[in-house]
Amino acid sequence: PGTKYPSQFRQAVLTMKHILDTGISPADLVLTGDSASEMLCTQIVSHILHPHPELSILPVPAAPFAGILLMSPWLIFDSESDSFLNNKCNIISIKPLVAWGHLIREGTALEGNKNELGGFWAEPHKAPLEWWKGADKVSPHFLLTYDEQEALKDDIIEFGKTLQASVEGTNVEVKVVGDPAGLHIDSTTNVFLHHKVRDIMKIIAGWIHDRLTSP
1 PGTKYPSQFR
11 QAVLTMKHIL
21 DTGISPADLV
31 LTGDSASEML
41 CTQIVSHILH
51 PHPELSILPV
61 PAAPFAGILL
71 MSPWLIFDSE
81 SDSFLNNKCN
91 IISIKPLVAW
101 GHLIREGTAL
111 EGNKNELGGF
121 WAEPHKAPLE
131 WWKGADKVSP
141 HFLLTYDEQE
151 ALKDDIIEFG
161 KTLQASVEGT
171 NVEVKVVGDP
181 AGLHIDSTTN
191 VFLHHKVRDI
201 MKIIAGWIHD
211 RLTSP
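Everything in the sequence shown is counted per the working numbering, starting at 1 for the first residue and increasing by one.
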């Protein structure tokens with residue numbers, strides 16, 4: 001965890017390359033995680049569409065991934081959205097998010113907003129609509145979820161709109177679904193703690209089932 005960007009990005013790309021090299025079809029895989037790990041999922045999508053010059057090439061998959069599931073993704077380090085500035089009920093406050101963003105940038109090409117293509121690999125919400133053109137070759141299904149009371153809500157909704165606009169006219173489906181009772185990823189932790197399963201988790205589980213069982 002102490003290594004600098006793009007080390008974790010590189011590890012994610014090498015892991016994905018290893019999985020695909022074993023013969024597993026992308027059509028049998030859903031890329032997912034939550035919060036900061038979702039940044040790695042969007043980085044993999046970006047890297048397929050726009051190879052990062054410091055990393056091994058990850059070619060456009062022979063078959064698209066079954067789905068890309070982004071649960072409460074952290075998409076930008078220095079957000080100025082209303083939810084980021086004003087959602088006080090979030091389990092992660094603004095201060096650590098800003099500090100963590102600074103740590104990721106520090107000592108890298110991202111520091112001081114030096115243009116690493118605008119930092120679009122690291123901060124996908126900064127990427128223009130055109131950046132995501134070709135996403136249909138990566139997967140035909142994207143699901144983004146957010147929690148109503150979390151700081152990241154507005155950025156997730158806006159990023160979903162950007163993705164939807166970028167794939168207009170293709171066969172790609174981009175869904176954005178919110179949990180009206182949720183804090184940041186607490187619907188996921190509720191499952192681990194054997195608390196009541198909320199509707200958002202039923203939606204996510206059903207979506208994953210459909211992705212992995214559809215012909």
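None of these hints come from the bench; they were simulated from the model.
Honestly, I wouldn't trust all of these hints.
Unchecked claim - The calculated BS3-like cross-link candidates involving lysine-lysine, where the alpha carbons are at most 27 Å apart (straight line), are:
1) Lys196 x Lys161
2) Lys133 x Lys196
3) Lys175 x Lys196
4) Lys4 x Lys95
5) Lys161 x Lys126
6) Lys202 x Lys126
7) Lys175 x Lys137
8) Lys17 x Lys4
9) Lys95 x Lys133
10) Lys4 x Lys202
11) Lys126 x Lys137
12) Lys175 x Lys161
13) Lys202 x Lys133
14) Lys202 x Lys175
15) Lys17 x Lys133
Outcome of the hint check:
no.: 1; hint: Lys196 x Lys161; in the structure: violated (31 Å)
no.: 2; hint: Lys133 x Lys196; in the structure: violated (39 Å)
no.: 3; hint: Lys175 x Lys196; in the structure: holds (24 Å)
no.: 4; hint: Lys4 x Lys95; in the structure: holds (21 Å)
no.: 5; hint: Lys161 x Lys126; in the structure: holds (13 Å)
no.: 6; hint: Lys202 x Lys126; in the structure: violated (31 Å)
no.: 7; hint: Lys175 x Lys137; in the structure: holds (17 Å)
no.: 8; hint: Lys17 x Lys4; in the structure: holds (21 Å)
no.: 9; hint: Lys95 x Lys133; in the structure: violated (34 Å)
no.: 10; hint: Lys4 x Lys202; in the structure: violated (37 Å)
no.: 11; hint: Lys126 x Lys137; in the structure: holds (21 Å)
no.: 12; hint: Lys175 x Lys161; in the structure: holds (9 Å)
no.: 13; hint: Lys202 x Lys133; in the structure: violated (30 Å)
no.: 14; hint: Lys202 x Lys175; in the structure: holds (15 Å)
no.: 15; hint: Lys17 x Lys133; in the structure: holds (22 Å)
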